[in-house]
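K.L.:
Chain order of the listed sequences is L and D. Each residue of the first sequence is one higher than the one before, starting from 7 at the first, in our numbering. Each residue of the second sequence is one higher than the one before, starting from 140 at the first, in our numbering.
Think of the hints as simulated: they come from the structure by calculation, not from any bench.
The calculated label-pair distances, taken between Cβ atoms and stated as ranges, are:
1) Asp574/D to Gly50/L: 26 to 36 Å
2) Glu413/D to Gly50/L: 48 to 58 Å
3) Arg587/D to Asp68/L: 26 to 36 Å
4) Glu607/D to Asp68/L: 39 to 49 Å
5) Asp68/L to His475/D: 22 to 32 Å
6) Ala687/D to Thr71/L: 51 to 61 Å
7) Asp668/D to Ser15/L: 46 to 56 Å
8) Ser309/D to Thr71/L: 51 to 61 Å
9) Lys290/D to Ser15/L: 34 to 44 Å
10) Asp68/L to Asp706/D: 44 to 54 Å
11) Thr71/L to Gln617/D: 43 to 53 Å
In silico SDA-like cross-links for lysine to any residue, where the CA-CA straight-line distance does not exceed 25 Å:
12) Lys283/D to Thr32/L
13) Lys584/D to Tyr56/L
14) Lys290/D to Cys31/L
Every residue, glycine too, gets a C-beta built ideally from N, C-alpha and C.
Each chain, written out:
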Amino acid sequence: MPLANTLTSVPVTVDQEKCIADKGCTVCVDVCPLDVLAINAEAGTAYMKYDECWYCMPCEADCPTGAVNVSIPYLLR
Amino acid sequence: MTTISKEDSILEADVLVIGGGTAGPMAAVKAKEANPNLRVVLLEKANVKRSGAISMGMDGLNNAVIPGHATPEQYVKEITIANDGIVNQKTVMAYARGSYDMIKLLDSWGVKFEKDETGDYNVKKVHHLGTYVLPMPEGHHMKKILYRQLKRHRVQVINRYMATRLLTGSNGQVAGAFLLNPRTAETAVIRAKTVILCTGAAGRLGLPSSGYLFGTYENPTNAGDGYAMAYHAGAELSGLECYQINPLIKDYNGPACAYVTGPMGGYTANSKGERFIECDYWSGQMMLEFYRELEGGKGPVFLKMDHLAEETISEIETILHSNERPSRGRFHERRHTNYRDKMVEMHISEIGFCSGHSASGVWVDENARTTVPGLYGAGDMAAVPHNYMLGAFVYGQIAGEDAAAYCADNAMPELDAAQVNQERERVLAPLKRSDGITPYQMEYKIRRMVNDYLQPPKVTRKMEIARERFAEVREDMQYLCASDPHELMRAMETHFILDCAEMAAAASLYRTESRWGLYHYRVDYPETDNDTWFTHVQTIKGEDTMPACFKRPIDPYIVELDEEEKDSYSKLRINNFVQQ
Ligand SMILES: Cc1cc2nc3c(=O)[nH]c(=O)nc-3n(C[C@H](O)[C@H](O)[C@H](O)COP(=O)(O)OP(=O)(O)OC[C@H]3O[C@@H](n4cnc5c(N)ncnc54)[C@H](O)[C@@H]3O)c2cc1C
Ligand code: SF4
Ligand code: SF4
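Could you build the full structure based on these sequences and the hints that come with them?
P.N.:
So this is what it looks like as structure tokens:
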């Protein structure tokens, strides 16, 4: 059974200007209970890699620069 | 003789605690305090800094037994009645007796509880009979405080490894666990004298009505891992037919929360703004009235606060939008729901297993021991009814201390290499398939079937059909594929979810009566039948590797109930208005 790529709009955004992942920060990735955030090494910023979010907000609360914004996932907004 | 492949690194521990949410950190700290020489390992699928149900904090204690406000005996009575008599009172009593000391311990660690002018705990009445709710308006420091204690007690923490199966020794005792790293797909083995399961609820059993897999009431990291692992290790589970179903904010699927707003004057209302239940404490009976109102002409159901004074509303807002589920405020904003002028629309959650809220769990006695030697359970996954957060802490302590004592008397079990190799093969299989069915699709399908066929009102024929569908999904397991380690974690969770779905169907079919209001409302057996079913229903893995159920008699009560109180939870509807 072949696989397809189905895109979804994710609820968590990271402000590229504020994110300091290029300086070694991984706080949001570390704290997320669902492990759905990751660092894009090329861009040097964090991003939401999987649309599996509990909108619980540790990522936003613990980010040292205020770069993360959690909104309610579209299906339940 | 088979030997364990070099692929797995092997670690040793005296006490292995699986799950570092609420009960887990307490269990680890208490085991270490009992004997600082023990090697205590705390394993966490996520990161102990922010994992589990209390990742952002908690709004309050739902079941504080504080001298001057309540006695352990009163509490045991209340929970016995709320759970329709099906309780092992000794386990509830062990919680109740430990409750106050645990509050004082948490207080000394820096947890802030609401106090009155005299410094006494400001306990509120939410339950039907007694007074047990202690607010924590500044409850957002919980995880930080626990983390500090883990450091202080030198507990070895392993983050971002999930346990996939328990390993057992030659006498059926626990021998350790098999682990998977969800970022690298590395596998590992921990050999242990004792294992304490603290893996939380089975939160991804039903599908939320939003259809979003992770928009669950429970922290969705908890997929029922502990239920499935205990089951495969041969442990008894109990009360699985007594589902968790909660009244929640529609679509947002988080608590509204009546425990916070109730004592301040808010209440559950119908579309006319009228109260229809006397008491907002979550019980199966309350949920049945909620369900009837929701489906009836006066539905849907709301949380009403628009009659409250401005200062009360702002206080409620501060608590509800900053503590436990802080994204609540964002949800309301987008829907233009202001507590001041609009009631909050409520709905019924998906079904789950959770003894923290209802009574479905791995069977444990008053020492937190399961039926497998050396294996303990604490928190939402251990069958101590209505145990909530404080119950997770108290049972974490009980388990940690008892496990430490067990270590002194028992040798380190040998690992069974064949078991380990077989598990590694099972775990890594989905990663080796380049196409097939994704965990996302399979999980969605199982959970949708759970909604279609298992969600109450329960119908015999529907539940039988569910079993047929689950059997077909089980056949499809051979096609389950994962494109990266993260998906592999989801694939392993899909296995847990299917195990739990099959157990839910088996236990629900077995008990041919209705009990616990909505939790086990069987349309074709609408009456409660105390002559036949005043008993626990246990589930184990049967000879045919499918769930098998049997009765376990209820131990004689240690606290007798007053005749007139017995059915007080069945009289929650206001004016005793009878509906069919
Ligand atoms: C939204 C919400 C609000 C609540 N409000 C209240 C309240 O106001 N008052 C109250 O008293 N109670 C409340 N409760 C209940 C209370 O939070 C829980 O009863 C309690 O926290 C459960 O603790 P636990 O240790 O069993 O589970 P958790 O704290 O959820 O911990 C389980 C841990 O196990 C980990 N885990 C799971 N599977 C694995 C695996 N395979 N390998 C390794 N680790 C694993 C998870 O990552 C998690 O960290 C609430 C619960 C929720 C969900
Ligand atoms: S925590 Fe903030 S700064 Fe750090 S990586 Fe995440 S978004 Fe970037
Ligand atoms: S809101 Fe929670 S689940 Fe979503 S990305 Fe942030 S930490 Fe992870």
